[in-house]
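If you want the building blocks of each chain, they are given just below.
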Amino acid sequence: MKKLKKTLIYLFLSIATIISIYPFFWMIVSMTNKSVDVTQGRQLPGTYLFENLRKLFDQVDMVTALTNSAIIAILSTVFTLFIASLAGYGFQMYRSKGKDIVFNILLLSMMIPFASIMIPLYRLFGRISQTAPIIGIDTLAAAFLPTITTAFFIFFFRQNTKMFPKDLIEAGRIDGLSEIGIFFRIFVPTMKTTYAAAAIIAFMNSWNNFLWPLVVLQSPSKQTIPLLISNLGSSYSPDYGMIMSAITIATLPTALVFFFMQKHFVAGMMGSVKG
Amino acid sequence: MKKIFTLLLILMLGVLAACGGDDTSNDDTGGSDSDNGTDSGETSDGVQSVTAWAWDPNFNIRALELANQAYDGDSEMYVEIIENAQDDIIQRLNAGLSSGTTQGMPNIVLIEDYRAQSFLQSYPDAFYPLTDYINPDDFAQYKVEATSFDGDIYGLPFDTGVSGLYVRTDYLEEAGYTVEDLSDITWKEYIEIGKEVKAATGKDMITLDPNDFGMVRMMLQSAGEWYFEEDGNTPALADNPALEEIFVLYKEMMDADIVKLNSDWSQFVSAFNSGDVATVPTGNWITPSVKAEASQSGNWAVLPLPRLEVDGAVNTSNLGGSSWYVLNQDGKELAAEFLANTFGSNEQFYTDLVTEIGALGTYIPGTQGEAFEQEDPFFGGQAIIQDFATWSEQIPPVNYGMHTYAVDDILKVEMQNYLNGADVGDVLDNAQSQAETQLR
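Protein sequence lines correspond, in order, to chains A and B. Note that our numbering gives residue 52 to position 52 of the first sequence, counting from 1, and the numbers run on in steps of one. Positions in the second sequence are counted from 1; adding 1000 to them yields our numbering.
FYI, nobody ran anything at the bench for these hints, they're computed from the structure. Hints are not guaranteed to be accurate.
To be verified - Not the full set, but computed from the structure, chain A residues with beta-carbon under 8 Å of chain B:
1. 35
2. 59
3. 118
4. 122
5. 123
6. 137
7. 205
8. 240
All C-beta atoms, glycine included, are put in the ideal place defined by N, C-alpha and C.
All chains should be modelled from the sequences, with the hints used to inform the complete structure.
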């Protein structure tokens, strides 16, 4: 009976795994086939891998796009973690009169879809361009500045800060640490898990971000990976083998970040237990 | 600790500035960072440049490259070509134009004809009229209609979306038909033949995407009708005999079980690449996709589109196609002059377009010559470009109006209601009232 139950569970899990992995399998297989085979749904590995990659690197500037995406994603993640964790920490740890009202207003801003603030934002950057072109339209800075902190991340850090023992802060104060010292020396090392989780989310958001970079980055030298892939599909007879190669390459960094962070995730957990 | 904090802040600002600064220094339009913020520039050796946005590297982008080579006007200039997906261009243009910022906008932009009026009417001063640069009589009439607004022509008509019926001659033969049997027929006859073909070969006659109304638009224009009255604004969906006939035909095709459904572009292409359908009625731009399956060489032919049975319906129509527009900002004269010199007057250039990339323009003086008579072995030696060129001159002009795609969305839903058994008059009445409320 127990065995049967276990078999059923494994059967269910296996089916779920196959369903969720299948698109990735198809993507990787399609990378090795030529376009006509992809449209006809060929599911077997082909011999066109190098042909597809060669065409991809010949036709479009993958390296520039990858570099741009990496710069934007890394900077945006660093800024997000820094600002959002400071804000979340502040909201949770310090007492102030209007704190909850401010926080609620912040949360409300989560309800506004990005599309509705896009035009005003574009106008804003248009204005900035005239006085400070280095962060104006068509610069990488403009692509990540509006996303460096969102209400979501502040909320995320505030919720997680609730688990942080206040005693530690008091101990720090008694030992003579400044408030900023407490944050960097005690809070940050203890909250590694939270930082790792937030980093994964922030990196993926930024890496996959499409709409804002699309409107604000115009020249090809500023193109990010999602924009490049969107361009590849623009032709009347798209080359699906090549597109799949580009998508596979674009997926790798997020996967890597996840696996890399996962290790820290575990380390952070152990750290907090010890602390 | 406070010092570290300050240091971190400074570092971040530094990174930010470096990141931005780096970008302007390798800006390749040279002197483009002028105060009025446009994209036309002059490089150090005195050669001027304008930027252009277009999609499809094998078609529009190649056409621009050829135009760069063909330009022989007075100015020392070239066009910097930026490739964008069509949807991305729309998104960017909308963001830029509605925020009133010309920063980062191109000088020349390619816009699909169905969408042209909505841009021209929503942003009346954003585009530069080309009336002084080109002669509208030189171009196919239906393109002029699509690119004009308020008495001025704003777009330089480019490629034709002239449609044809791509047929598999081997399947037809198997069912006992010749190519002549399908030339110059009505859609009713087309469906009857489709049933025979299905019975004989087991292949569907046509592939349709219920979520893409290109087919309906194509049939509608062949009758000289559109979703709107001639003003381009008043919906004309109810009491539109052509549209009603199209709905009835669409259902007949479905009921006759001669339709292979597809749900996106790749499935559409796959349907004929894998030999699952006997005919493909669509725009001439599909030719490269048809020819991608080299093993079917010799088994295809292109025939005139079947026609509707309403008054004024002809055996030719249009699907898609786009035109070049000049934005009303610094560099507009240069951009307009460039277009007029190449796409607007150069006959040899149009011959090159045909021979090099198979692009068929709508510049009438440029649609003759040996290049057009070339026989294509893939299509059994048929001179398809010549045929398309002939048909494109007979496409009925219609006013696409501002809301073609919005009405598309309404009709897609109503079509499903009709297919599920509702009365055709009722669904079109419904569509009419929805369109009237939505588009007011």
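Out of the numbered hints, which ones does the structure contradict? 7
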